[in-house]
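Participant: Each chain is listed here by its residues.
Number of protein chains: 2
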Amino acid sequence: MAPPYAIGIEAVTDTQAISVTEPLTAESVAARREKSAKFVGGTAAYTTSDFYKNPFLGNKPKAKRWDHYISLESKSRQPSSLKAAAKFLNNPGLISLGGGLPCPEYFPIEGLTFKVPSPPQFTEEETKASGTVVKAGKYDVSEGRSSYDLSIALNYGLGSGSAQLIRFVTEHTEIVCKPPYADWHCALTVGNTSALEQALRIFCERGDYVLSEEYTFASAVETALPLGIKFAAVKMDAEGLLPESMDEVLTNWDVNARGARKPRVLYTVPSGQNPTGATQGTARRHAIYKVAQKHDCYIFEDEPYYFLQMQPYTGPDSPAVPPPKNNEEFLKALIPTYLSMDIDGRVMRMDSFSKVIAPGTRVGWITASEQIVERFIRHNECGVQNPSGLSQVFLYKMLDESWGHAGYLGWLINLRLQYTSRRDAILHACEKFLPKNIVSWNPPAAGMFLWLKVDHTLHPSAKTATPLSIAEIEEQVFLVAIENGVLISRGSWFTAERSGFVAKELFFRATFAAATEEKMAEAIERFGAAVRTCFGVEQHGN
Amino acid sequence: MAPPYAIGIEAVTDTQAISVTEPLTAESVAARREKSAKFVGGTAAYTTSDFYKNPFLGNKPKAKRWDHYISLESKSRQPSSLKAAAKFLNNPGLISLGGGLPCPEYFPIEGLTFKVPSPPQFTEEETKASGTVVKAGKYDVSEGRSSYDLSIALNYGLGSGSAQLIRFVTEHTEIVCKPPYADWHCALTVGNTSALEQALRIFCERGDYVLSEEYTFASAVETALPLGIKFAAVKMDAEGLLPESMDEVLTNWDVNARGARKPRVLYTVPSGQNPTGATQGTARRHAIYKVAQKHDCYIFEDEPYYFLQMQPYTGPDSPAVPPPKNNEEFLKALIPTYLSMDIDGRVMRMDSFSKVIAPGTRVGWITASEQIVERFIRHNECGVQNPSGLSQVFLYKMLDESWGHAGYLGWLINLRLQYTSRRDAILHACEKFLPKNIVSWNPPAAGMFLWLKVDHTLHPSAKTATPLSIAEIEEQVFLVAIENGVLISRGSWFTAERSGFVAKELFFRATFAAATEEKMAEAIERFGAAVRTCFGVEQHGN
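So the sequence lines, in the order shown, correspond to chains A and B.
End of the first sequence sits at 531 in our numbering; the numbers just go up one at a time, nothing left out.
End of the second sequence sits at 531 in our numbering; the numbers just go up one at a time, nothing left out.
Hints were generated in silico from the structure; no laboratory data involved.
Be a bit skeptical, because a hint or two may be false.
[Unchecked claim] Distance condition first, Cα-Cα at most 25 angstroms in a straight line; then the derived DMTMM-like pairs of lysine to aspartate or glutamate:
#1 B/64 x A/62
#2 A/124 x B/486
#3 B/251 x A/62
#4 B/124 x A/113
#5 A/124 x B/94
#6 B/72 x A/113
#7 B/508 x A/94
#8 A/124 x B/115
#9 B/124 x A/115
#10 A/219 x B/62
#11 A/104 x B/99
#12 A/104 x B/94
#13 A/76 x B/511
#14 A/64 x B/94
#15 B/64 x A/94
#16 B/76 x A/506
Next comes chain A alone, as it looks inside the complex:
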C-alpha cells in the first residue's frame, strides 16, 4: 500500500507491474507496496518483516538453527500470556478490558510539526529556506491522513517496534543487503550498544570469550566485561581484522590456558572500525566469513559507520573522484555487507540511525534470522520494549512519507561527501603539521576516526638506561597535548584483551566528525607540537 500522501518530494509514480522476483530498489518500493496486503499499523499492531519482504523467497534456503548456542537466559524467555491474548483483538466488535493501555485522549499533545531538508537540498541553509514542513497529528490514521500518528506512536507498542518503521527498515535492508537466505527479520533497537548487550546475553554465558579486532570500540568491551565475557584479540592490518589470525586463534584455542570454551562469536566493526578507521574490503569479508563457517562462529556485524564510507582518498594535490551519479551507483560503490553474503544466517547485523540521522533518536535495528530476532524481541518485551514513539514518528514521517527510500539514499550520498571533505581536511592537516618520521597513518575509507601510529622507538628515552614504557610515552604525549589545547584519545583505551595487556605499539585516535575543518587543523597542529616536544625534535615552522 502506498502511503495516503507524500510530502515534500514527488511520490514515486511508477506503478507499472514489476516482477516481484527482481531485486527491490528504492524506485520499486511503491510498486511492491501496491501489490502487498493492506498495511496494518494500529496501536501495538503485531508486525513482522515477512509482511514487507519479497514474497517469492521459496528458492532461498532457511537460516541455520542456533539452539546449541543460545544462552540459558535467552532460552528461558517465554512469550507473555497477555500478549498472546492479543490474537482475540481481531474479533469484530470485541471490546477489550484486557491491556492497560492509556487512552490517547490523555496524551497532552495536539500535533507535532518539524522541518526537514527537501531532497536533494540537504544543507542547513537550504532547509531553513526551503525545507519541508512535516506534520504528525494525533488521529491522522483514523482521519485518513497518514499511516502513522501520535495516538499510535505515543501508546505502548510491541517488542518489534512499530509496523511503520519495521516496514521501512525491512525494505531498506532488502535494497541495501539483499540477504541470501529466506527467513531474515528485523527488529528495532534503542541503539547498537543496547543491541550488543542483548546480543551478548543471547549468545554467551559468564566466562565466555568473544573474538574481536585487537583494538576495538571501548564501550563494546565495557558492555561485555560485567557480564563475565572477555574479548580475545585478533590481529589487524590496514584493512582491519585478519582472517588468518582469526583462524589461528580459534584453531589453537587452549581451553585450559584460557579457562574458557572456544569462542562462538566474532564481534566486528567492518567499516570505519572504531578506533582504527580500518575498512574490510570485499575479499577480506569473504575470507573472514569462511573462517567463521569453518569454526561455526556467529558474527555480530556492528555497522554504525557503514554509510560513512567515503570517496577514495586522492591526496592533497590530486583532483577528487566525482561523486556517485545516482542511487544505483552509490549502492554499488559500497562494500558488500556480511548480511549480503550470509548464506547460513550466522550474522546479526546491527544498524543505527545514530551516525546517519542523529544519536539522540536512540533508534537502530538488527537484522538476523527469525529464530534470533524472536529471542531478541522476547528480551525487548521484558526490557526496553521499543524505541521512543516520538523518535519513531519523526523517522517514519521524514524517511518514509517525506523522503521515501530514494530521498534517504540521496541524504546518505550527501553525508558521504560531507565526511569525505572532513576526512580530507584532517589528512591535509596531518600531512602539513605532523612529523612524518614519527607519526604515520592510513587514510580511512569510512567512519569518523583517524588512527595515528607514533613510533615509540624514536622517543629520546629509548636510548637511555631507563627507557619509558609505551604506556608512559602515551601518557606523556596525551598530557602535553592537553596542555597544548587538544584532547585526543589514547590508543590503549581501545584494547580488546585487557587483562595482562602490554602495548607493543603506540597509537592515538582522532575523530574528524566533530570539530570544524579550521579547528581540526589547529588541533592537529597542536598535537604535532606535542609529539615534537615529547620526542625532542624541532617544532614545525621553527
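Following the hints, position chain B against chain A.
Facilitator: Below, chain B without anything else, positioned relative to chain A:
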C-alpha cells in the same frame, strides 16, 4: 537559573528570598533556581541531582551502603576511560578530537513545534482551540532562546539523562517525596520495565528469590524469570501486601526447601497495584517498611500509577467528593511514598511518564541513594544510554518551560479526576450488570485496574462428582466472555509464584483506562452474561 523564557503560562515571578531550609514547593522552584549556580546543560553535559537539590541537607543522614547486596555483574562495572577524559573538556580553548560525536549540522531537522494544553485548560478541545505552541530550534541555547535545544537533545548524552530533565525530575521528586536522607539521586530510564530489569541485575544473582504481592505485574515476573530470579508470594488483602505475611515468609525462609538464600529485595506496586488495583494506606506502608528494616530488605517501589490515585469512591447515588482546591491540597491527598519515609536509603523508587504523559515517550526515572544510582548509570552507559532526545526535549519544553511544576501538578489533578470518572463508570456498570452473589470487588483507590473475584464454589460443576478446577472455570468464563465480545484478563496470568501454582481463588482483571464509558458498560454487561452462562444462573433483565 530561571529559563531564559517561559511560553504559555505566567512565569513564576516570586523571586523573594525564601529560606532554602524550607521544603521545596512548585511555587518556590523559581526562587531556588535563582539562587543556584548557573545552569550548565550543553552537549553530553555532566549532571547530578546534587546540582538541583536543597544545598542545606547537612542534618540529614546519608543512606546505608549496599555493598553486601550488589551483584557480581554490577560490582564489576567500571567508569569508561573515554568518559573520564571528559573532565578536560572544561579547559578553555581546548579542541576535542576525542569523542566521536557527530556534528549537529548533519541532523536533518531544522525545528520542532508541538501544541500542548495551556493549564488549566487540559481537554483535547481546549488544546485544539487555545493550546500553547511550543518550539524547539536547533541552536536555541547558543542563540540564547532556551536552556535546551535540538543540537543537544539529538546528540549523544550521558547515562544520567540530560541535565535539563534531571533538574526537573529532581525538583519534582523533592516537591512530592521529600526524601529524608541526604544523598538521594535521580537517573532517567527508558521506562519501568527496563528499570526493573536493570535493578534486578544490580541486586540479584541467578537463583535468587524476590518478594512480591501474590498477584503481580506479569511482565515483572517475566523480566525476572530468564535471569534465574523467581518471585516469592506475599499474601494480600484489600490494601495489598500484608506486612505480617512478608515477615512470616522471611522469618521462616527455608534455604534448603527453597534452594535459595533468603530474599533481599521486595518488589511492590504500592498504588493501584497491577492486577489487583489495591492501594497500600500510609500505616500499611510504614508497617511494610519496618519489616523491610527488620530483615534488611531492599525495596523496589514501582509506582507508574502513583498519580492515578483517585477521589474516594462514594457509590452510585452519593455526591462526589469535591476535587482538591489547589496543588497543596492535591499533594496532601496523596498517600506518602516509600521514598518519603526512607530514612535508610533502602528504596529504589521507579517513576514513569508512561501513565501520566504517554507510554510512547519511553521516559521514566529512578530515585535511590547515590551508590545505587551510580551503579545504574554505569549500566546505562553500556546499554540503553539514555532516553530519546526527542522525548526529552518534548518533556522538558512542556513540563519545565511551558507548564512549570505548578502547571504539571495541575495536569496531574486533571488526570486524577478523569480516572475517577472512569473508575466510577466501571463500578456503576458492575453494580448494574454483574451477579453480585457470584462476583465481588473492592473499589480501587488508584490505577487502571478492577480485580473481580468470582466465587468458584458456586459453579454448577462443584456439586457434581467431577468438579472443574479453578483453572478450568477460569478458562471457561474467559472463552465465553470472548464469544460474548469482551476480552478480560485471566487472574492466573498474574501469579507471582509460578512453579507448582494451584489457584485457590478465581479472579479476572478489567482495565478502565482504555475503552469509553459506554463501551466499558457494554463490556461489563457482556462479562456478566458470560458469568451467568457459566454459572447457570438466569441472565440479567430476563
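Participant: Would you pick out the hints that fail for this structure and give their numbers low to high?
Facilitator: Structure breaks hints 2, 6, 14 and 15.
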